[in-house]
Amino acid sequence: MIRSPTRRHFLRTAAASAAATLPIPALAQAAGGRVVVVGGGFAGATCARALRQLDPRTAVTLVETSQTFTACPFSNEVIAGLRDIKEQQFDYKSVAADGIVMVFDQATAVDPHARMVTLANGDRLRYDRLVLAPGIELRFDAIPGYTEAAAERMPHAWKAGEQTLLLRRQLEAMPDGGLVVIAPPANPYRCPPGPYERASQIAYYVKTKKPKSKLIILDAKDQFSKQRLFEDAWKELYPGIIEWVSLSMGGKVSKVDPATMTVETDFEKHKAAVANIIPPQKAGRIAELAGVADRTGWCPVDPVSFESRLQPNIHVIGDACIAGAMPKAGFAANAQGKVCAAALVRLLAGQQPDEPRLINTCYTIVAPEYGITVAAVYRPSNGQLVEVQGSAGTSPVEAPRSTRVEEAKLADGWFKTITGEMFG
Amino acid sequence: MTCMRMAIAVISVLSLAAVASPARAQRPIPPAEQFGKPIGTPGFPPPGASSCTGCHPASTSVDTPAGRLIGRSPSDIVTAVAAFRSGQRPATVMDRIAKGFTDDEIKAIADWYGAQK
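Chains A and B, in that order, are what the protein sequence lines are.
Residue numbering for the first sequence follows the working numbering, beginning at -18 and increasing consecutively.
Residue numbering for the second sequence follows the working numbering, beginning at 10 and increasing consecutively.
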């Protein structure tokens, strides 16, 4: 059955939703065009709301599987027991109140030529432009032994929610003296500083609650984001707790066995009390189904409009896209969502998109009141997003503690600000 | 003139200024002309501006050290960013971000936020 998504779902949800008080978005004013957004995270929810703000005539449908969004940034504090997961969770009521049609279902297919998205329930949604913001899919075929079932014993916790809580419970249940293993993947992956922030947060927990325990990072790479800042902070705050084994020192995990909680490299076997295996990733599944992912598993896009280089009228934003020098991060996804929305409004009006500038700042909390950042401004150049010269950098290496306190406060404010823009 | 019309007028004037500015024309990347209508059409934030609300809240109800830009005096924003860039004013992340924009870009962003409500 083919329907105009906006009318049907609007009517279905109108009675229960605050949207009932707003003008019906698409029926009267379809002139702005129909945009379907798949994925309601930092990229997708931002893009949907920005579209309505820039041109209220745009009929926007947001397809999302979950009624509750659980944010990844700051979820490492949940793992350390310093934050309630409820502080990470948001609903879509305000999004719906913007006149965005919320469809809580899974997108299962995309027909780029008919411009149609199929949902798990069989419904089909027509679009003029499609935005895919599906985030990441974990590769359960990448590390021998690390299957989806293995993740129930060796959580990745790289999608916030139940996995976050599982890792938290495991840490709480761990005997004092137990070994924590964290295994970060090679680049590219979601949230480059994330594994090291997690190591810091777990080290804080270990230091305060399980002082005989140790933490080992078995890494698939030789360098990582904000490395010097992390290493200095570890030396200062968590001496003797964290050991980092780089790729060239034999850190890459070659095999795991969840039954015996063993994590193996080519050189050593580690018996873990808690094993946090963060496997390699690729774009969320709908990207592959829509034909917008390339052989890397990620989605090449035009850096001005975020339109796919592989399929017309489909835009890919957030962690799923190949955004050149921009990292896969919540701030970046939010910035891309807004730039993509502006490009869509231009394109739907038959105009060319403006050449954008995008900002990213990754905030990391290594301990309570100890924040560090990496930031940069990006611009399109030769078909890619590149750093604007001179803009990229981390917090100063040598800095008084007051600087770390300030950045921690800013990080906290950032989370409130960005989630407010998405869901407030 | 209503505030809204005034805001649009301000933005329209700025958009002309932005297109005509020599700094923009000197950029090695494609000139603005290739990207359709002049940047700064009412409702459209100039390049870079939409990223700012990642930290600087659009809403008045968010408690954060990064203040709102909306409605702030454009000259105050321009002055602050210049001081962040030169290192005169202590910064957390703005020292780095300020280096990613030209004076003209900052002015366009500041004017746009100044005109928002």
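Some clues are possibly wrong.
[To be verified] Looking from chain B toward chain A, a few residues come up when the C-beta cut is under 7 Å (computed):
1) Gly57
2) Cys64
3) Ala75
4) Gly76
5) Ser84
6) Arg105
7) Ile106
8) Lys108
[As the list claims (entries may be wrong)] Pairs of lysine to any residue residues, derived as SDA-like cross-links and limited to a Cα-Cα distance of at most 25 Å, are as follows:
9) A:Lys74 - B:His65
10) A:Lys67 - B:Lys108
11) A:Lys252 - A:Gly272
12) A:Lys191 - A:Gln204
13) A:Lys236 - A:Ala123
14) B:Lys108 - A:Val378
15) A:Lys74 - B:Thr73
Treat the hints as calculated values from the structure; they're not laboratory data.
Model, not experiment: these values are computed from the prediction.
For every residue, glycine included, the Cβ atom is placed at its ideal position computed from N, Cα and C.
- Task: Compare the structure with the hints numbered earlier in the document and write down the numbers of the violated ones, lowest to highest.
- Result: Failing hints, ascending: 4, 5, 10, 11, 12.
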